[in-house]
Each structure stands twice: as structure tokens, then as C-alpha cells.
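There are 2 protein chains.
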Amino acid sequence: MIAVTILGNNSAIPAYDRHPTAQVVTVNDNMFLVDCGEGTQMQLSRYRIRRSRISHIFISHLHGDHYYGLAGLINSFGLWGREHDLHLYGPEMLKEIIDLQMKAGGVQLPFKLIFHVLGEDGVLVDLKRTEVSCFKVQHRVACWGFLFREKRNPRKLDMDNILAAGIPSSYYEKLQQGEDYTHKDGTIVKNESVTHAAPKGKSYAFCADTIYDESLAGKVKGVDMIYHETTYLHNLEERAASRFHSTTLQAGQIAKLAGAEKLLIGHFSSKYEKLDAFLEETASVFPNVELALEGVTYTA
Amino acid sequence: MIAVTILGNNSAIPAYDRHPTAQVVTVNDNMFLVDCGEGTQMQLSRYRIRRSRISHIFISHLHGDHYYGLAGLINSFGLWGREHDLHLYGPEMLKEIIDLQMKAGGVQLPFKLIFHVLGEDGVLVDLKRTEVSCFKVQHRVACWGFLFREKRNPRKLDMDNILAAGIPSSYYEKLQQGEDYTHKDGTIVKNESVTHAAPKGKSYAFCADTIYDESLAGKVKGVDMIYHETTYLHNLEERAASRFHSTTLQAGQIAKLAGAEKLLIGHFSSKYEKLDAFLEETASVFPNVELALEGVTYTA
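Residue numbers (our numbering), protein chains in the order written: chain R, 138 to 437; chain D, 138 to 437.
Honestly, the hints are just simulated from the structure, not real lab data.
Please note: incorrect hints may appear among the correct ones.
The list makes no distinction among identical chains, and a pair is therefore deemed to hold if it is satisfied within one copy or across any two copies.
To be verified - Here are the simulated DSS-like cross-link-like pairs (lysine-lysine), alpha carbons at most 30 Å apart as the crow flies:
no.: 1; residue 1: Lys249; residue 2: Lys232
no.: 2; residue 1: Lys327; residue 2: Lys293
no.: 3; residue 1: Lys408; residue 2: Lys240
no.: 4; residue 1: Lys408; residue 2: Lys249
no.: 5; residue 1: Lys339; residue 2: Lys240
no.: 6; residue 1: Lys358; residue 2: Lys288
no.: 7; residue 1: Lys240; residue 2: Lys321
no.: 8; residue 1: Lys249; residue 2: Lys358
no.: 9; residue 1: Lys411; residue 2: Lys311
In this text, all values refer to a predicted model and were calculated from it rather than measured experimentally.
Next up, chain R with everything else stripped away, as it sits in the complex (with noise of 0.2 Å):
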């Protein structure tokens, strides 16, 4: 399962108690964050998010409203004494911000801050039972998206059938990922008579700050759950794209073409109070659309 807990979904300006991006994905045992807008380590205390376990944080790109926090929880890490590594995914002038607060304030942190430069498409972590990598979105500077896989579980043991056939519980590995047994005598065991399927590992695309961009569905083609960008309602569709944003209308139509399950907006603009219209707008083009609204966590 991949849960993913909303802690910002405003655009540039916070506004009506909404806050500046920042998002919690857990997948399986690891939780990672994804953007981090001022006020994130106070959000992260209002939701009582266990902000130790955060192994990983990714920043989408470099405006203020989706890392101007990163700064102050990097801080309160070292305060609140964490002592495990923390990596960090970011534009490469990331690096260079954060080493000078760090230098203009003398802090020495506790713990070991490692920086990766996000650059072409592909795998960022690989871990034993995730993995997330990043893909390149359109906007006014250069920006990334992000895709968390649940790794495919191991097959299911069928242990009456294994028993009866007499294969050795040394091959019971082998047989969770799929491998057929063969005995001394040349007979075949085929893996499906003594193994069940497990389900298939879930998938989360957060696609940040992006134009209407077709090419997006299919870097994301297939996901269980995309969190695509509405800054704007419908009507403002020219706006929208001139400042490399998109509408209602366009997130619902890249969530078709990729043929998502479930649709999460969000990044809305401070012009807009009443969110109502943004959901009614995306559900006429894609039905199974959800508000993200800050302290819910919403499943893939």
C-alpha cells in the first residue's frame, strides 16, 4: 500500500490556512517527503507525522513555495537529535543554498545530510521493497516529477502442494520469486503448481508544477494513483498556461491518458477560497478525482 499524507496544497502565496506544497509518501516501511514549503516542519508537528523515519526527501524544483522550508527542518532534524542519514533529491543549486544556511548560522548537524542531483530520467532509490525515480516535467525552471513503486511481492507458498511434491525448504526462496524445481530424477515441479500470485506492488506519480503536457502521461502510464497540479479552474486555461501551470480540466485528461485509478489535485491559487469548483471541473473529464486537502492521507 502507498499512503500519501498532504501537508501543503496551496500554490505560491499561503492563503485560508493553506499551506505551500509538501507531501508525506509512505510505501511500506519507508517514508519520504516530497517538496517541502515553508511551515512543513510545523505541519509535520500538527499532523504528529513520525518525522524521525523520513529517510528521503525530494524537491520538485527551486521555487520558494516547494523547498523554502527545507532550510528550518534540516535544522530542527539536528535539534531534535536525529543521528541517521538523511538524503536529500534535489536541483543541483539546491546543494548550494542549503551548505550556505548552513554556514552563515555555523551549524555543525548530527547526522550525515546527503545530496543527490536530480538529472535524467530513471531510478533514484532502490530499495528492497521500493523504489522511486524522477522524470522531467514542464515549467518555468527546470522541474521533476516523481514515481514511488511498491515492488512486486514475492510469490505465496503454497505449502500443502509443496510438502507433496518434497521439495527442500532450501529452495523455498527461489520458489517466492518464481523459479520452477527440478528434481534429481529430471522430473519438473512448474513454480505455479505450488505458489500463489501476490498482489500487484502499488504506484504513486506526483507530477509537481507542470504545463498541460501529454507527454507526461506516458512517463506515468498505468500508476494506481497520480497527484496531478490544478492551479487554476477551467476558465483560466490561458493564464494557466503562461505561467506553466494547468487547469481542472487538463489534470483529468492526463490522468485518462495515463490510465490512472485515482486523480489527487492540489497546488491551488490563492485566488480561489471554495475549492468545490476545482473537484466538480476534473470529475466531468476524470470521475474518480480527489481534493488534496491538508492532514488526510489518501491510498493507492
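Since the structure of chain R is provided, determine the placement of chain D on it from the hints.
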């Protein structure tokens, strides 16, 4: 009158809905922001402060809890359409940090941001009715306090006596400045006989983060209201000293030595949920003390 509105009263780690340091200081028609911890722009909105009136921002030092909200506020000033100049006073590296963040985000501000480097003690801003100066304090990194003074108001004209003495109206402004009037025949009208002294201008000293330092009292001698940090209660005096912070009793002692009228205390450690003991302990040394509470305005 000088009015100080507290936006953040906590030390490094935000806790219990208390925020890092930020204060709005209003002197006559002038509005200043002192320090700008993370979330200051949200706090300005929460307390409905007319942020466009802020003309000068003073940053005491480069620990994150005193300036991590600055880049976000500057950005938002741009998005809100500010066109008039903004003066920023801070340690030298602050310019590099802000410039780098604006460059990384491709930000073109629609107003002029004028940076001034803090240095020796002295006057920073000299306006018609207000003067702001800085003074060095002792902290782990270079750190400054700020002293706000209402200039002494012009003397009040006693129109009955002025008319009786036959003084022409073209001379009224000089009378307000305290000058005598000499008739053509050489007879002198003493200023005191035709004007009244205006009330003395008020003053407020923001002493930033500081270790207990008696020389500080000399720098803010006779000030009406003083803000002095109390990161810790008295029993943690050693910890306070080791971190270049102060305790309740020490803040009271500085206010007493300075001969201040009123003391405001803040920058409370996130160790403490309740603040009552801060008030009690400090009042045992300096009775006219108040807790700096967020959203509350204190006047000198």
C-alpha cells in the same frame, strides 16, 4: 507611541503553536519588521497586519529561526504586487543567501530591494519622526540589537501668547523647534513664553539573542521598553551561558540596570509548554514585565 506586535516568541524549534522570532514595530507612521522566522508571512496574515506598510526589515543574526521566513516574504511581496522600495538590514551573508534564492527561482521582483550591511553601533534609519539604530550583542554568531526612537515632537504653540507678542506666522516653525523671536526693535520673546514642551519621544530596544552581558544595559540606557530574551528559566543558567542565551533573572537584571520602564520577554525554549514560571521569575527582579505573546501588541 511605539507599538510592538509579536508574531513569534519561541526559540529555535517551533512548538505548541509558538513560532520563531518576528515582531512588527510601529513608530508613528513607520512600520518595521524585526527578524523574520519561518512562517512570518502566515503570521502577518493571521493577525491581519497591513504588510504593505512595512518599509524596513531588520535581521538580527543568521540563525535560521530569525530569518528563514524572509525569502518567502520577499517573494510574496512580489506576488502581492508591491512596487515601493523595501530596505533590508542584516549581516553581510544575508544578501548572498537571498540573491541566490531569487536567482534559483528565476524571480524578478517588481520592487527595489535595498540591502544594507550591519556593522558598527550607530544610526541605521533617520526618518522625519523616527530613528532606528543598531548595537552589537554577544551571541554565538555575529548578532545585533535594534533601538527604535520616536524623535522628540515639535514644541506646541501657545497661540494666545504668540498673537499677543505679535510674532508673524512665517516664524511658527522655528518656534516649534525651540527658537526665541527677536522683534525689529531688538526685544526678545523667549521661546518658553509662547510654546509648551511636547511629550518626550518613546523608545524601544530589541536585544535579540544574547548571553547575559551587563554592558548591554549601557547601550539601551533609559529606554522605555526593552525586549530581552529568556530562552531558559533560572535553573538552567549554565546551559543558557553555554549556548549564549539568557535566563529570566538575567533579563530582569538587564532591564533594571538599563533603567527601563517596561520589560518584554520571549524566545522561549521549546522545552517549556507553560510560560507562567517565566513571568514569575522575571518579575522577582523586575516587576513591570510581560510575556511576549503572539498576536498581542505591547506599547511604550
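Now for the hints, and whether the structure bears them out:
1. With identical chains, the CA atoms of Lys249 and Lys232 are at most 30 Å apart both within one copy (14 Å) and between copies (27 Å).
2. In this homomeric assembly, Lys327 and Lys293 come within 30 Å of each other (Cα to Cα) only inside a single copy, at 14 Å, whereas the closest approach across copies is 105 Å.
3. Proximity of Lys408 to Lys240 under the C-alpha cut-off of 30 Å is restricted to the inter-copy arrangement: shortest distance 26 Å between copies versus 37 Å within a copy.
4. Only between protomers do Lys408 and Lys249 lie at most 30 Å apart by alpha-carbon distance; the minimum there is 25 Å, versus 40 Å within a single protomer.
5. When the C-alpha separation of Lys339 and Lys240 is checked against a cutoff of 30 Å, the pair qualifies neither within a copy, at 41 Å, nor between copies, at 38 Å.
6. In this homomeric assembly, Lys358 and Lys288 come within 30 Å of each other (Cα to Cα) only inside a single copy, at 16 Å, whereas the closest approach across copies is 68 Å.
7. In this assembly of identical chains, Lys240 and Lys321 lie within 30 Å of each other by CA distance neither inside one copy nor across copies; the values are 66 Å within and 69 Å between.
8. In the homo-oligomer, the alpha carbons of Lys249 and Lys358 never lie at most 30 Å apart, since the shortest distance is 35 Å inside one protomer and 46 Å across protomers.
9. Taking identical chains as interchangeable, the C-alpha atoms of Lys411 and Lys311 are never at most 30 Å apart, the minima being 54 Å within one chain and 58 Å between chains.
In this structure, the earlier hints numbered 5, 7, 8, 9 are contradicted, and the remaining ones agree with it.
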